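Kindly generate the complete structure, drawing on both the sequences and the hints.
Chains B and W, in that order, are what the protein sequence lines are.
So the first sequence is numbered by this note's numbering: it starts at 13 and just counts up by one.
So the second sequence is numbered by this note's numbering: it starts at 69 and just counts up by one.
FYI, nobody ran anything at the bench for these hints, they're computed from the structure.
The structure displayed is predicted, hence computed values, not measured ones.
Glycine included, C-beta positions come from ideal geometry on N, C-alpha and C.
Incorrect hints may appear among the rest.
If you only want the chain B side, here are some residues facing chain W, beta carbon under 7 angstroms, derived [said to hold, decoys possible]:
(1) V19
(2) T29
(3) P80
(4) A116
(5) R136
(6) C156
(7) V160
(8) S165
(9) Y167
(10) L170
(11) L184
(12) I205
(13) D206
Using 20 angstroms as the maximum straight-line C-alpha spacing, the simulated SDA-like pairs for lysine to any residue come out as follows [said to hold, decoys possible]:
(14) B:K196 with W:P249
(15) W:K119 with B:K180
(16) W:K119 with B:D199
(17) B:K180 with W:V90
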Amino acid sequence: MLTSLYVEGRGPLHRVTAGTKLAGLAIAGVVLFFVTQLWLLAVFLFLAALAYLTAGLSIREALRRIAPTLWSLLFLLAVNLFLLPMQDAAVLGLRILALVFAAAAVTATTPLAEMMAVVDRVARPLEKLNLLRPGDAGLTFGLCLRFVPDILSRYEALREAHRARGLKVRVLTLLGPLIILTLKQADEVASAIDARGLRGASKPFPSSERHSS
Amino acid sequence: MTTRDLALSALFAAIIIVLGLVPPVTLGFIPVPITMQSMGVMLAGTIIGAKRGALAYIIFVALVAVGLPVLSGGRGGLAVLMGPTGGYIFGWIVAAFVSGFLAERLVREGASEWRQLGGFFLSSVLGGIVVLYAIGMPWVTLAAGTPFSAVAWGSLAFIPGDLLKAAVAAIAARSVLAGYPLLPQRA
Chain B
13 MLTSLYVEGR GPLHRVTAGT KLAGLAIAGV VLFFVTQLWL LAVFLFLAAL
63 AYLTAGLSIR EALRRIAPTL WSLLFLLAVN LFLLPMQDAA VLGLRILALV
113 FAAAAVTATT PLAEMMAVVD RVARPLEKLN LLRPGDAGLT FGLCLRFVPD
163 ILSRYEALRE AHRARGLKVR VLTLLGPLII LTLKQADEVA SAIDARGLRG
213 ASKPFPSSER HSS
Chain W
69 MTTRDLALSA LFAAIIIVLG LVPPVTLGFI PVPITMQSMG VMLAGTIIGA
119 KRGALAYIIF VALVAVGLPV LSGGRGGLAV LMGPTGGYIF GWIVAAFVSG
169 FLAERLVREG ASEWRQLGGF FLSSVLGGIV VLYAIGMPWV TLAAGTPFSA
219 VAWGSLAFIP GDLLKAAVAA IAARSVLAGY PLLPQRA
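Next up, the structure:
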């Protein structure tokens, strides 16, 4: 139901580490804002589109994945053509298209596990500041994904309950019970986690101990 | 953050994902179906409070970023965040916080039903519309270069639908407050 947008493959981008790709994307995002030469932006767009379209997806599937973003983009670019000089509109259009393709390429070539490892690395300073306990990031993401199927079947059960009583399925009669039942479950899950001591220690270990492990 | 806060935020993020997976549902009094996921930002803050609501959205946006198709219509990945409407997605985190911050102060547990509804509606409008657009619209201008005034005029078309969603979110938030109050115990 929730399959990652990652595509198996052995292309050149697949071999680059997740951290490098994300850093590259961030740098490209900043640098491209200072580039105003059309030919240079066109080269960037060509490379980004090439990287995305050769990531292992069929062209059709590749375009379907980013279609909503592309449509909103095309709409804005059409508006730009009316309001801005031709040259400016073209620069803006090429720049954002290149970034969207590059971002889609990073998503398609980086496995979920590597992405999560980056998230974990980002969360580490928060652990040092004692805002999170070690392992909290993984625990929260795990809980969230673990309970999506449960909540979905609860939603289906509520819909069936509506049907059984001859009621139309409506937002208001559905949301309240769905949320209340799920939040009650969250409380039970939290006390189960605490009762079993599954969460990391609150205070960080003394620094000497930490280094030795 | 207690374990309870983490669990509430994680499961609320899961609710937001489910609201994007299910088909759009009609409101009852108007025939147009709405995607329920877009109400999530108003619901998160007003139901589980500012900090937990913002955390639920941090989890959700992180899941978008790592490449899971958790946005309604099966969208996800970095391209959505880098695109012209990425600001609205990052803005959800702040919007959920502001809705919750206001709801924690405007809604009293013992108050009359109408006062509570009014408080929830105001929190949803200010957090889920005003703050969200204040972040999303400049981002569109920055990313796609469309002049800000054009973006602002174009966005007006979405306001009636958003106000309707704020009203629905307020009613849902009140029914949760009556059935299982979490807002008064702040994180």
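Give me the numbers of the hints this structure contradicts, sorted from smallest to largest. 1, 2, 5, 8, 10, 15
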